[in-house]
Amino acid sequence: MREITLSQAVNEALAEEMRRDPTTFIIGEDVAEAGTPFKILSGLVEEFGTNRVVDTPIAEPGFMGLAVGAAMTGTRPIVDLMFGDFIFLIMDQLCNQAAKTHYMSGGKMSAPLVLRTNLGATRRSAAQHSQSLHALVAHIPGLKVALPSSAYEAKGLLKTAIRDDNPVVIFEDKLMYQDKAPVPEEEFLIPFGAANVKRHGTDITLIGTSSMVQVCEKAAEILAAEGISAEVIDPRTIVPLDEDTLLASARKTSRVIVVDEGHQSYGVTGEIASRINEKAFYHLDAPVLRMGAMDVPVPFSPALEDITVPTPEAVAKNARKLMSREMIHAA
Amino acid sequence: MREITLSQAVNEALAEEMRRDPTTFIIGEDVAEAGTPFKILSGLVEEFGTNRVVDTPIAEPGFMGLAVGAAMTGTRPIVDLMFGDFIFLIMDQLCNQAAKTHYMSGGKMSAPLVLRTNLGATRRSAAQHSQSLHALVAHIPGLKVALPSSAYEAKGLLKTAIRDDNPVVIFEDKLMYQDKAPVPEEEFLIPFGAANVKRHGTDITLIGTSSMVQVCEKAAEILAAEGISAEVIDPRTIVPLDEDTLLASARKTSRVIVVDEGHQSYGVTGEIASRINEKAFYHLDAPVLRMGAMDVPVPFSPALEDITVPTPEAVAKNARKLMSREMIHAA
Amino acid sequence: MSPANPPRTNTEDYLRMYRQMVRIRTFEDNANQLYLSAKMPGLTHMYSGEEAVAVGICEALKVTDKITSTHRGHGHCVAKGAEFKEMFCELLGKEEGYCRGKGGSMHIADQSNGNLGANAIVGGSMGIATGAAFTARQLGKDDVTVCFFGDGATAQGLMYEVMNMAALWKLPVIYACENNGYSEYTRTEEIAAGSITARAEAFGIEAHQVDGQDVLAVNDLAQKLVARARQGEGPFFMELMTYRYHGHHVGDINREYYRSKEEEKDWKENRDPITRFRTWLVAEGIASEEEIEAINAKVKIDATTAVEYALNAKYPDPVEVDMHVFTDVKHTLA
Amino acid sequence: MSPANPPRTNTEDYLRMYRQMVRIRTFEDNANQLYLSAKMPGLTHMYSGEEAVAVGICEALKVTDKITSTHRGHGHCVAKGAEFKEMFCELLGKEEGYCRGKGGSMHIADQSNGNLGANAIVGGSMGIATGAAFTARQLGKDDVTVCFFGDGATAQGLMYEVMNMAALWKLPVIYACENNGYSEYTRTEEIAAGSITARAEAFGIEAHQVDGQDVLAVNDLAQKLVARARQGEGPFFMELMTYRYHGHHVGDINREYYRSKEEEKDWKENRDPITRFRTWLVAEGIASEEEIEAINAKVKIDATTAVEYALNAKYPDPVEVDMHVFTDVKHTLA
Ligand SMILES: Cc1ncc(C[n+]2csc(CCOP(=O)(O)OP(=O)(O)O)c2C)c(N)n1
Ligand SMILES: Cc1ncc(C[n+]2csc(CCOP(=O)(O)OP(=O)(O)O)c2C)c(N)n1
Ligand SMILES: [Mg+2]
Ligand SMILES: [Mg+2]
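Residue numbers (the working numbering), protein chains in the order written: chain H, 1454 to 1784; chain B, 1454 to 1784; chain F, 3 to 336; chain V, 3 to 336.
Simulated from the structure, these hints should not be mistaken for lab results. Careful, some of the hints might be misleading.
[Stated by the list, open to error] Here are the simulated SDA-like cross-link-like pairs (lysine to any residue), alpha carbons at most 25 Å apart as the crow flies:
{"#": "1", "chain 1": "B", "residue 1": "Lys1774", "chain 2": "H", "residue 2": "Arg1773"}
{"#": "2", "chain 1": "V", "residue 1": "Lys226", "chain 2": "V", "residue 2": "Thr13"}
{"#": "3", "chain 1": "H", "residue 1": "Lys1732", "chain 2": "F", "residue 2": "Leu335"}
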């Protein structure tokens, strides 16, 4: 299969869906001629024009609010939020308005929009350009949340998001924009709520989201060399969450590590770990371990930044611990 | 001991601290003559004047941002955010700015401010005036988060918050403003990170936050009548979280339910449950159960709203399940 | 009143405008009664006194034109065409309400008539209104959107963000600032610096101030601006000088600490929009006192009937609690 | 230049202003080199071309006066008194940086000189600046705060929210809009409707536009406004017309799709603030060409020395990673 970058995959998904549905449009800062600072959208304004690839002033709450109203009245906005950290600016429009429109109107109205943004540290961008804030929106009922882990998912999940009649937030991993992966030429969609078993294993389950899927896969390789068979699962969407796949694996392996790049406390790892604990408790041989990003603002200095995010080595180390039942003594 | 309402307790804490520290001031909408819509601040403007009890325009991001700058330069703002739901409007100033100031400056600057706001449903205020959003801020490193569960805590924690050199967010339960509790006449503070064992028990631990502490206490009474001895713990602050007290109880009773009024998914219950699972796993006879508010926007209709929040009966029911080991079959 | 250049040229239109104003006032009187008799859950914000604003503007709109409303939204809802029955059912949290009881007073919406809903976030609908206008441009429709908001909402930064975009892109949206002199318990002067219309003008948006107690003046201006917006000459800004008769919400009874009884009396007795219009209608010979009284009586009966109906109507079934979280999942928590 | 009414009356002041402008330019040239030679982590935004703005304004301030800065913040930092060594250390993420390497270019701060910090959220410091001015009022100090921000940042609603409060409360803050014609890769005209100064005026704030390439004009205006703000006559608004020589950030090399090489050339050759001031200094006989060259040479050596130092300086110890999350917890994750 041909290989394309995550950036190209996003671009293709957008182009295909915009061709399919004339009510779609992209809105955000420097999305048109510049094609975003990451150059993800290059070529789209040439095909679809400035009426459908709309450059905005630097007014995130404003264009997010505009998108909500547009979505409520018959168009399908695809909002481009340059950095995931800016989500703090648009929380009101996203969470008080878009997320609740369908419910508050008793099902009469809806806000079918997509918010594309990103996550991920280690780009030397410091505390306000490096956050992974997907847990925040996952906490708010009414929003779906997708976390593509490769070019393949980026394309398939985005296409599904655009066709979804609900507000969907999709976080791309900034560090992965130039990473290539096999992506079919022919059209495909990836359904929401369907986890992907990236690697089959029998001893331990590594659940990774977004950027951490690769980390888990690398950890699994390290472990394989040591004779430990790790299963790696990518939930792909955290709302809805495919509990069944996660639980089946947990029941099979009896040991689970959940790895996510958001801050560990009050984040995604706690939710996934809790669901497994609640529903597979009597199958577990050890506590579900969580590995999130450190609970510190992301530091600029490379010497510090790199140690805030889980690494394959750290995951493997914890896996070994779980396997050796060292945890018993720790508890 | 004399009994006062939670509203009076807050008022006293503010008055005492404002007398003690002339750099403190209150800022927010209708805080002066009106004393807020909840009339919590009545009398303060008379004592401290409009320079220290400052009515603002309806501009939450603006006055929150102003507070951050004021805090960074030598005053101690106490921000009044009328409804917890409006926190979505100020997330950028709170989470990108205040929370990170100390860290980003390598410890050179700080933002000692208090954000007072509220949580709690069942007031027939619908989806944008009923949310309990404390999990969101707890996820952001650099913010402390206090959840008073009675007039006593409201006073003691607020005084501590005002003296703290970090940004602190304190969520009061709107439904409790008129509830009385014994509060000493003499000055006292409640340290952060010190959970309170509200009721001692041996069979099961009920961890409740804020409004849910009373719910847990009532559940404990129901259970006591049935011969089940429940321990009730109020963490009081979720950042910092007093793990030791929670873990000691979990190890003792081997069964835990965590009850919180925020939405259940990706919220507070997942974090607390996970920490207990991780660190007391081998002492648990059953999975830690979580009971948050339903993952739905808060509906207006009383017929619906009341069922979105955990009740004493529901907690007692789950406790019975855990005791009868029904969970084994469920898992 | 503004007798010159009457915007509507036939009796029917005038009487409908009058009737709509009376319907709003009557709706509010009943809602207030429901609150006072503890039959309504929660609090609500009365529109009484401001009827000429909602009616003057909405009478200039087509059904497919959109409006966004506020926490003080009953007036806009009625004026844009809603029915009493569904409105009272919503206020009481009943299944037959416009939002199946899920929204209540602060989120009442009536999509069939283009009302995109009340909003409990002050200024929260400014983006939505601008977006609705964007849709019209995008889909080549000639719909116009009116964004209602209070003077207090002009403090929200969102307004400036969306006015900038509306001006840049010439969107068919009209920002209608209902300046009733107060934000909750605070006088507008104390929290709004400079000039409200100048703020819109600074973005290149044509702005007008108008007497919000004069339904003909409001309607006249609205007709012109709506027509121009429909032609692509928008956006526009209107500042409507008006007054709310009740407290900020139904529970705000003792309000002398922020405004005097004399001030309230003056507005009610000397500038009431309904009385003024009624006097004009009679003076111009458009309606007799009897015809007016008949309209009033009919509206009163309609309201009483709707209230009765709503009081006896069903609450939503508890199973509805996890419906409508997502469009494609019947019961999210099932 | 503006020869009339020179704001500084002695040679020392003029030469310090000149020197500060050269220090900024030299700092940026070195930073750019560090990027090009892959010695600097991440990206950074160059201030070159805008020196007269930061220097003209900061030279009108006391050490205890405050400024807030932007993503394009090196110029403000230097102008407000910072040292090369700590600045380069910060840009390279070293322990001796102003923020112990935790902030980097986009969060560089220098509290000892009243610089409350750069900010990576466009417009994010507008509240902070207004709050710093609030503190002055609150504590009875006569400090003035200058809030630097770009033309693009005028699209952020926060600006209007805080200008409203600053105007209502007469806060000693000066909003300094560095209008360099672009927000990233977009021309300001395309994303800013109406007039920027009118937006401030609509809030009752006195606003001035000034040639941002003329350090004497900037300084003259700044001196007057700062003095008046100190007397309680604030707030004020300044729009400084300027230009950035480099791309939006150091990596923005091919920029012909949004602006022409001719335009860049014109600004650099005909309006360079350093060249203009230098010419004036020589023409007025304040400094000789040799003296000027000596200043330039000295600054160059200072910069090279500081860069060398920073390149060899220590990174922070990894144990620092969980320090400074809270003021009262040494290691949060211990
Ligand atoms: C964002 C936000 N802040 C504060 C409130 C509380 N609040 C509700 S109505 C109101 C006053 C609104 O004043 P105005 O916009 O003039 O409308 P009016 O009530 O006068 O019609 C306030 C402060 C809110 N609902 N939303
Ligand atoms: C809230 C926010 N939105 C977007 C960005 C991305 N961004 C960084 S600088 C910039 C342009 C700023 O333009 P302007 O304010 O004119 O400053 P200049 O770069 O021209 O000095 C943008 C959009 C950001 N950092 N913060
Ligand atoms: Mg008002
Ligand atoms: Mg600019």
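Going down the list of hints, with the structure as the test:
1. B/Lys1774 - H/Arg1773: Not satisfied, since the Cα-Cα distance of roughly 35 Å exceeds 25 Å.
2. V/Lys226 - V/Thr13: 20 Å, holds
3. H/Lys1732 - F/Leu335: Given that 25 Å is the threshold and the Cα spacing comes to 16 Å, the pair holds.
The structure is inconsistent with hint 1 alone, although it conforms to all the rest.
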